[in-house]
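K.L.:
Assemble chain G with the ligand onto chain P, guided by the hints.
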Amino acid sequence: MTIQDRYPVKHVLYPYRRSADQDAEVPARHPVVIVGGGPIGLALALDLGLKGQKVLLLDDHEGVGLGSRAICFSKRTLEIVHRLGAGAEMVAKGVVWQKGRVFHDRDEIYSFDLLPEDGHRCPAFINLSQVDFEKFLADAIDRAAEKGAEIEMRGKNRVDAVETNENGATLDIMTPEGRYRIEADWLIACDGARSPLRDMLGLGFDGRVFEDNFLIADVKMTADFPTERWFWFDPWFKSGASALLHKQPDDIWRIDFQLGWDIDREKELKEENIRARVDAMLGPEVEYELDWTSIYTFQCRRMEKFRHGRVVFAGDAAHQVSPFGARGANSGLQDTDNLAWRLDLVLRGLAGEDLLDDYDSERVFAADENILNSTRSTDFITPKSETSRRFRDAVLALAADHAFARPLVNSGRLSLPCTYDGFGPDDLEGPARSRPGAPAPDAPLNEGFLLDHLGWDFCMLGLGVDVPEALDAHGLAVTGLVIKEPPDLIRDRYLGTAPGAVYLIRPDQHVLARWPSFEAEAVRAAMARALGKAGR
Amino acid sequence: MTLKLDPNLSDPDGFYAALIDAHEALDAEASAALNARLILVLANQIGDLELLKAALDVAK
Ligand SMILES: Cc1cc2nc3c(=O)[nH]c(=O)nc-3n(C[C@H](O)[C@H](O)[C@H](O)COP(=O)(O)OP(=O)(O)OC[C@H]3O[C@@H](n4cnc5c(N)ncnc54)[C@H](O)[C@@H]3O)c2cc1C
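Going down the list, the sequences are from chains P and G. Sequential numbering of the first sequence, starting at 134, is according to this note's numbering. Sequential numbering of the second sequence, starting at -5, is according to this note's numbering.
Don't read these hints as lab results, they were simulated from the structure. Note that the Cβ used here is the ideal one computed from N, Cα and C, for glycine as well. You may find that some hints are simply not true.
[To be verified] The calculated EDC-like cross-link candidates involving lysine to aspartate or glutamate, where the alpha carbons are at most 16 Å apart (straight line), are: (1) P:517 <-> G:21; (2) G:54 <-> P:534; (3) P:380 <-> P:424; (4) G:-2 <-> P:534; (5) P:280 <-> P:251; (6) P:517 <-> G:18; (7) P:517 <-> G:15; (8) P:666 <-> P:605; (9) G:54 <-> P:526.
[To be verified] Below, a sample of chain G positions facing chain P; criterion: calculated Cβ distance under 10 Å: (10) -1; (11) 1; (12) 3; (13) 6; (14) 7; (15) 9; (16) 10; (17) 11; (18) 13; (19) 22; (20) 26; (21) 39; (22) 42; (23) 53.
[As the list claims (entries may be wrong)] Rough simulated footprint, nothing fancy, chain G against chain P, three-plus residues with beta-carbon under 8 Å: (24) 518 to 526; (25) 536 to 545.
Chain P with its partners taken away, still in its complex shape:
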């Protein structure tokens, strides 16, 4: 019996091994089963494992797939993986960048800087291949497992069928040695954009397909272009309707060419045809190797709901965006960040299952924001009508001479974390960037950074205001952290003109509430809202 690989594997991380479950008389029952070992499944398994949960991850391959997909990983993603213990290696290997330039023909018409201020542990972006990103997560899982985290990964375990009921799901799994079944209290579908689980449950995935093809070429060469994102509309070198050049580690450069809708894929993928386009861009004298090439069409779509009883969808399985803006994996990481602490509390019996409905509403809201931004960028790059093209060309023509047109130039609005506005009252006249719902901004603290001090629990952060070391709220310990004399950057980012404040911060580092002074009852009330215990 075989399981065909759907793509070549670059690093074998979890080779197939027979599990005792395959010989069990009755299907073994697991508290959490994650299907899919892409970046999202791996990050979720690691987060839950580090929180002390027993996790089983199934993937139909034995490791990380070869190929080129994500390269741009955002500051928020790095903050999340930093908490998970995989951030330092990624930043060390990745190419750090924050600036982009947009050209029309030969002229520079627009530029941006994604992090024009200092005082953050993580850079605005790094470029790192998705292959390496996944490998570093898997390494962190191995390290966590050595220290006792109960994370098991089973390769060549393909989920072929699922039955669900109110207590969980039963999975039919295919392996090289035949079928077996397991049961799960919670099933988390991280099985990618084509999500077989979504299909098995008969759930929809609606949205838009963009009628365009993009050739992605990862090229190995030594070149000294700056580490900026360079994007051309109607490039003078005529290799596509648009083009992108971006540096990755190991002398690899990501190049994209926009090919149009009616193309002959096989012809375009021939090496000589790809080389003709790359030569025109780089000049005939530049030597390079083609590391990886593929052609993609892009879509923006999402499931209507991400939670279906005991089955929860995350990452591309739940929502898909076009890559202009790097909002795919980056938003998926925010899914796991939002989901892990909730599932942990539910599994510990500290919160009701309804807590996962807030995952659904917050991440659906975030997906809509990502889809909106990605759709707008793609509409600008790939105008869908004659009129749309005419306006686009007018913007490009005006932008060369007139600053007013430049903010309209849209080659991708790069991934930012979602602010979940509407958490409840904002009781401090503080800076907007740290309002309730926003991800807590980082800032230097002592020898390190503020985010590292927030810990894994709910946190009361007293800035120039005393808070207790711990507070019991609905069976949960909220930990206190006092910064008696907040340094300037913390003042700027959290206090503004306020003399002091208390911030209540969730385990995913989003601000839940803030006040000018400490009151235990206010903290408990905000906790009740966050835990779904306040009545909705």
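P.N.:
Relative to the frame of chain P, chain G with the ligand by itself:
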């Protein structure tokens, strides 16, 4: 007053999307007619003839 040529839109992406949406499903002629009406509405908002002439020069 002089013609503003520095960025002035409060939400550039939102405006651009609304503009393109307004043309959704219109044929070329209907789109051109919509644009003509839109220019007249915006011209009225600007009011001043000298400014409008300056805008015409930028667009030409
Ligand atoms: C050209 C391109 C460029 C991109 N650039 C970026 C970027 O710069 N930044 C960014 O953030 N995102 C980018 N993305 C998006 C990013 O690649 C995806 O968002 C990301 O891979 C989603 O991760 P995932 O874990 O949800 O799904 P996937 O990575 O698709 O992983 C799904 C996993 O599930 C497994 N699986 C599937 N079915 C089964 C089954 N029945 N049983 C068991 N296992 C199964 C698969 O083998 C796979 O390992 C880009 C995408 C493309 C195509």
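K.L.:
Are the hints correct? Go through all of them and say.
P.N.:
Comparing the hints with the structure gives:
{"no.": "1", "hint": "P:517 <-> G:21", "in the structure": "holds (13 Å)"}
{"no.": "2", "hint": "G:54 <-> P:534", "in the structure": "holds (13 Å)"}
{"no.": "3", "hint": "P:380 <-> P:424", "in the structure": "holds (13 Å)"}
{"no.": "4", "hint": "G:-2 <-> P:534", "in the structure": "holds (13 Å)"}
{"no.": "5", "hint": "P:280 <-> P:251", "in the structure": "violated (35 Å)"}
{"no.": "6", "hint": "P:517 <-> G:18", "in the structure": "holds (9 Å)"}
{"no.": "7", "hint": "P:517 <-> G:15", "in the structure": "holds (11 Å)"}
{"no.": "8", "hint": "P:666 <-> P:605", "in the structure": "holds (15 Å)"}
{"no.": "9", "hint": "G:54 <-> P:526", "in the structure": "holds (14 Å)"}
{"no.": "10", "hint": "-1", "in the structure": "holds (5 Å)"}
{"no.": "11", "hint": "1", "in the structure": "holds (5 Å)"}
{"no.": "12", "hint": "3", "in the structure": "holds (7 Å)"}
{"no.": "13", "hint": "6", "in the structure": "holds (4 Å)"}
{"no.": "14", "hint": "7", "in the structure": "holds (5 Å)"}
{"no.": "15", "hint": "9", "in the structure": "holds (8 Å)"}
{"no.": "16", "hint": "10", "in the structure": "holds (5 Å)"}
{"no.": "17", "hint": "11", "in the structure": "holds (5 Å)"}
{"no.": "18", "hint": "13", "in the structure": "holds (7 Å)"}
{"no.": "19", "hint": "22", "in the structure": "holds (6 Å)"}
{"no.": "20", "hint": "26", "in the structure": "holds (8 Å)"}
{"no.": "21", "hint": "39", "in the structure": "violated (16 Å)"}
{"no.": "22", "hint": "42", "in the structure": "violated (18 Å)"}
{"no.": "23", "hint": "53", "in the structure": "holds (8 Å)"}
{"no.": "24", "hint": "518 to 526", "in the structure": "holds (count 5)"}
{"no.": "25", "hint": "536 to 545", "in the structure": "holds (count 6)"}
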